[in-house]
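Residue strings, one per chain:
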Amino acid sequence: MDNAIATHPHEHAEHHEHVALPQHRHHFETEQQQREAGSFGMWLFLLTEIMFFGGMFFAYLLYRNWYNPAFVAASNQLNVKEGAINTVILIASGFFMALGVWAAEVRKQKLLVIFLVLTTIFGFAFLGVKADEYHEKYEKHHIPGASFDIREFVNPPIDAKTGQPDQKPMSPDMAQKTQLFFFLYFAMTGMHAFHMILGLGILFWLIWRANRGEFSAGYVAPIENFGLYWHFVDIVWLFLFPLLYLINRHPLK
Amino acid sequence: MSATTHHTIVNLPDQSTAELPKRNYLNNEHGLLSWLLTGDHKRIGILYLISITFFFFLGGAFAGLIRLELLTPQPDLVASDTYNKFFTMHGLIMIFLFLVPSVPATIGNFLIPIMIGAKDLAFPKINLLSWYLYLGGALFTLIALVQGGVDTGWTFTTPLSTHYLNTHVITAATGVFIVGFSSIFTGLNFIVTIHRMRAPGMTWFRMPLFVWSNYAASILMVLGTPVLAITIVLVALERTLGIGVFDPTKGGDPLLFQHLFWFYSHPAVYIMILPGMGVISEVISTFSRKRVFGYTAVAFSSVAIALFGFFVWAHHMFIMGVSNYSALVFSLLTMLVAVPSAIKVFNWAFTLQKGSITFETPMLYAFAFIGLFTIGGLTGVFLGSLGMDIHLTETYFIVAHFHYVMVGGMLMAFLAGIHFWWPKMTGRMYPESVSKLSAVVSFIGFNLTFMPQFILGYLGMPRRYHAYPAEYQVLNVLSTAGATVLGVGFLMPLIYLAWSLKYGAIAGNNPWQATGLEWQIQSPPLTENFIEVPIVDHEAYDYEWLEHKTANEVTTVG
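Chains A and B, in that order, give the protein sequences.
Residue numbers for the first sequence follow this note's numbering, beginning at 348 and rising by one.
Residue numbers for the second sequence follow this note's numbering, beginning at 68 and rising by one.
Do not take every clue at face value.
[To be verified] In the EDC-like style, the derived pairs of lysine to aspartate or glutamate whose C-alpha atoms are separated by at most 16 angstroms in a straight line are:
no., chain 1, residue 1, chain 2, residue 2
1, B, K317, A, D496
2, A, K455, A, E571
3, A, K487, A, E499
4, B, K317, A, D520
5, B, K569, B, D148
6, A, K428, A, D479
[Stated by the list, open to error] Only part of the chain B face toward chain A is listed, based on derived beta-carbon distances under 8 angstroms:
no., residue
7, A185
8, K186
9, A189
10, V259
11, H262
12, P293
13, A296
14, I310
15, G311
16, G318
17, D320
18, L323
19, L327
20, I598
21, V600
22, V603
[Unchecked claim] Computed far set for chain B versus chain A, every beta-carbon distance over 10 angstroms:
no., residue
23, I251
24, G291
25, T298
26, K317
27, G319
28, I386
29, R531
30, P536
31, V541
32, L561
33, L593
34, E611
35, H615
Just so you know, these hints were derived from the structure itself, not from any lab.
The beta carbon of each residue, even a glycine, is placed where N, CA and C say it ideally should be.
Start from the sequences, fold in the hints, and give me the full structure.
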């Protein structure tokens with residue numbers, strides 16, 4: 348590391364005012380510059396992530412317009428309760444992440460570790476619920492591919508109370524398009540879950556470093572930038588949940 | 068002092084006394100690992116230069132094989148699917164492994180921090196990572212090649228790529244996916260560096276135009292490439308799992324693929340050309356000893372190209388059944404991109420006017436660029452107009468058009484830049500007369516290769532076929548002959564530039580008497596670029612400032 352002199356910041360305060368943190372890198376003039384560059388870089392990276400997800404949102408928009416009945420019917424098969432629980436879990440995780448950033452800024456080492464651990468626990472809880480939902484799709488033959496089954500959409504089960512089908516039967520042709528919905532569902536939530544798994548990996552690393560006190564002396568950039576990433580992943584879910592789960596649940600039904 | 072009283076043009080230091088600086092970025096550390104683990108933007112630029120040169124000649128070899136097959140009307144050199152693999156590999160290698168990283172990752176990497184007075188790019192480790200990602204992507208492309216190639220064309224068009232081909236589509240697509248991230252990281256690094264790392268006094272409108280054009284290209288890399296990435300993921304999923312998103316039998320739309328693909332790949336041509344335009348601005352100004360005419364207009368035209376570039380993609384799809392109204396709008400928008408491009412060309416021409424022009428090699432390449440790019444750009448307007456496009460699309464006219472822009476434009480700009488900054492990168496001059504010869508040979512060879520293809524395309528010869536009617540043979544023979552000349556023109560720099568590393572004359576700090584910050588430091592530069600942070604108090608291309616600076620400079624020898 349380029350920090351040989353940085354461990355004695357006060358001795359050099361007159362000449363090297365800006366070399367106060369061991370994490371300060373040579374090619375930046377000031378810590379301020381380093382911190383700003385880091386967070387600006389992170390925002391740009393999130394912009395690329397938006398464009399990455401944007402490709403799938405674009406596909407969703409197109410096919411939802413073309414095959415609206417199929418998308419509505421398929422959406423009704425999603426587990427709204429679990430989706431809603433997951434939304435709450437993820438917001439809680441994001442909340443603890445935000446508290447973690449605060450804890451780092453006020454240099455409270457123990458608090459930071461606790462908040463990061465809570466963030467991680469809620470992250471895993473989200474993935475657990477998601478796994479349960481995927482399993483349900485597997486059991487209902489809703490995974491696109493050879494085992495995909497459209498019978499449910501062509502001949503909806505009869506509701507015992509009313510004696511009517513619980514939703515309007517579709518032509519086999521349109522019912523086939525539910526497969527597209529489920530593909531987009533798996534692609535989008537899968538890509539989202541993939542981002543969460545990456546994030547959880549990074550969280551373990553950050554917890555380890557936070558536990559060593561690396562972020563309790565004024566150097567908070569990694570926590571801040573990871574916080575941005577984690578909130579981004581939250582926000583993607585906040586778009587996915589209504590688009591995938593709640594299509595047909597509006598008052599004008 | 069008037070701007071016309073320049074007497075010394077090329078100011079080589081006295082050869083008997085000049086020597087290379089004792090310490091510089093090349094000899095600061097030794098050993099292979101010091102290169103492979105470096106964070107120095109200059110060394111990473113050199114690593115990129117070596118890698119893209121290798122892939123340029125590999126891609127060029129495929130071009131040679133294509134031209135050889137087309138020498139005769141009969142399909143006599145290779146089978147038709149082999150021919151398909153040739154042009155696919157040519158396209159993949161040239162676009163993703165050469166053109167996209169060509170100027171930004173080599174010259175840009177080397178110079179952008181120096182030009183704005185910074186010690187390095189904002190994220191040196193990410194910069195190194197981007198080179199390794201490039202190598203990883205290149206490795207996958209080579210694996211696809213060794214396993215027997217891929218024949219989708221570089222566009223991975225569905226449903227051809229997803230349903231009908233038995234070649235190594237996934238391997239090649241993985242390569243492109245990975246290289247894409249290398250490009251994203253380069254762009255991200257440039258944007259952050261240009262925003263946050265400028266030296267005191269280096270305002271936006273004091274930056275060299277090379278920085279502006281790379282900035283614009285970086286925006287395109289950061290916004291466009293992720294869309295390519297997700298598109299390629301979808302193609303791979305469609306091919307392996309049959310997800311149906313591009314498959315009409317399952318309700319998917321192949322046109323959606325086209326939209327997503329060209330949403331990246333049209334801006335990608337501006338990723339390729341914009342940094343080249345930046346090189347041309349620097350070279351034209353230096354060898355006319357004049358400030359670039361209409362500096363602000365040229366700077367903003369780069370940004371305008373980047374902006375408009377995102378809204379023209381559907382002009383690749385005029386014959387694919389998009390609605391007439393959208394075709395009309397995209398045609399109009401395509402014409403609009405010609406405006407900022409023309410602004411640049413006119414401003415370069417006005418920069419030349421009444422300048423003290425000399426004809427060093429970079430200037431010859433720059434002149435080649437202006438002429439060839441203008442032809443390429445104007446034929447682009449032909450193709451952007453709906454009626455003409457229906458006649459000309461998928462013919463050799465298209466091939467000639469984009470080779471005029473990409474080879475005649477970008478490659479000439481790349482060579483101009485390499486010659487121009489060679490003294491700065493290596494500390495030594497290239498041999499002037501033989502390099503002038505190579506510039507002329509490339510220019511002649513280029514026109515001989517691609518001018519006949521305009522005519523062939525207009526007459527109706529379709530692209531991507533390895534056989535053609537006998538009446539097209541004369542023009543095809545001319546084109547193949549031209550390709551041979553062009554090949555010689557491109558091999559010459561490889562040889563004499565390598566020669567100059569050891570035997571070239573020692574360049575000194577500022578052989579061209581150019582004004583950029585990079586010319587005010589030693590060549591080759593120190594690892595940390597500047598001994599102290601420069602304070603910028605003059606505009607870009609301020610030759611009077613340079614004259615006063617040199618007049619007051621105390622020259623010490625030894």
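Report task. Taking the shortest Cβ-to-Cβ distance between K317 of chain B and chain A, state whether it exceeds 10 angstroms. Result -> violated, 6 angstroms
Query raised in the report: Does the claim that I251 of chain B lies off the interface hold, with its Cβ farther than 10 angstroms from every Cβ of chain A?
Result: violated, 6 angstroms
**Report entry** Hinted contact V259 of chain B with chain A - closest CB pair below 8 angstroms
**Finding:** holds, 5 angstroms
Query raised in the report: Taking C-beta pairs only, is L561 of chain B more than 10 angstroms away from all of chain A?
Result: L561 of chain B clear of chain A: closest Cβ-Cβ about 33 angstroms, beyond 10 angstroms.
Query raised in the report: Keeping to a limit of 16 angstroms between CA atoms, is the pair of K317 of chain B and D520 of chain A held or broken?
Result: Holds, because 9 angstroms separates the two Cα atoms, which is no more than 16 angstroms.
Requested in this report: Let me know if the C-beta of L323 of chain B comes in closer than 8 angstroms to any C-beta of chain A, holds or violated.
Outcome: holds, 6 angstroms
Requested in this report: Answer holds if the nearest beta-carbon of chain A is closer than 8 angstroms to that of H262 of chain B; otherwise answer violated.
Outcome: holds, 6 angstroms
Query raised in the report: Taking 10 angstroms as the cut and beta carbons as the points, is E611 of chain B off the interface with chain A?
Result: Holds, because the least Cβ-Cβ distance between E611 of chain B and chain A comes to about 29 angstroms, which exceeds 10 angstroms.
Query raised in the report: Hey, does the V603 of chain B contact hint survive, CB to chain A under 8 angstroms?
Result: Violated, because the Cβ-Cβ distance from V603 of chain B to chain A comes to roughly 14 angstroms (cut-off 8 angstroms).
Query - Restraint satisfaction for A185 of chain B [CB to CB of chain A, less than 8 angstroms] - result: At 7 angstroms from the nearest chain A Cβ, A185 of chain B passes the 8 angstroms test, so the hint holds.
Query raised in the report: Do the numbers back the hint for V600 of chain B, that is, is its least Cβ distance to chain A under 8 angstroms?
Result: V600 of chain B check passes; min Cβ-Cβ to chain A is 7 angstroms, inside 8 angstroms.
Query - 16 angstroms Cα cutoff - pair K428 of chain A, D479 of chain A - result: Holds. K428 of chain A to D479 of chain A sits at ~12 angstroms (cutoff 16 angstroms).
Comparing the model with each earlier hint shows violations of hints 5, 20, 22, 23, 24, 25, 26, 27; every other hint is respected.
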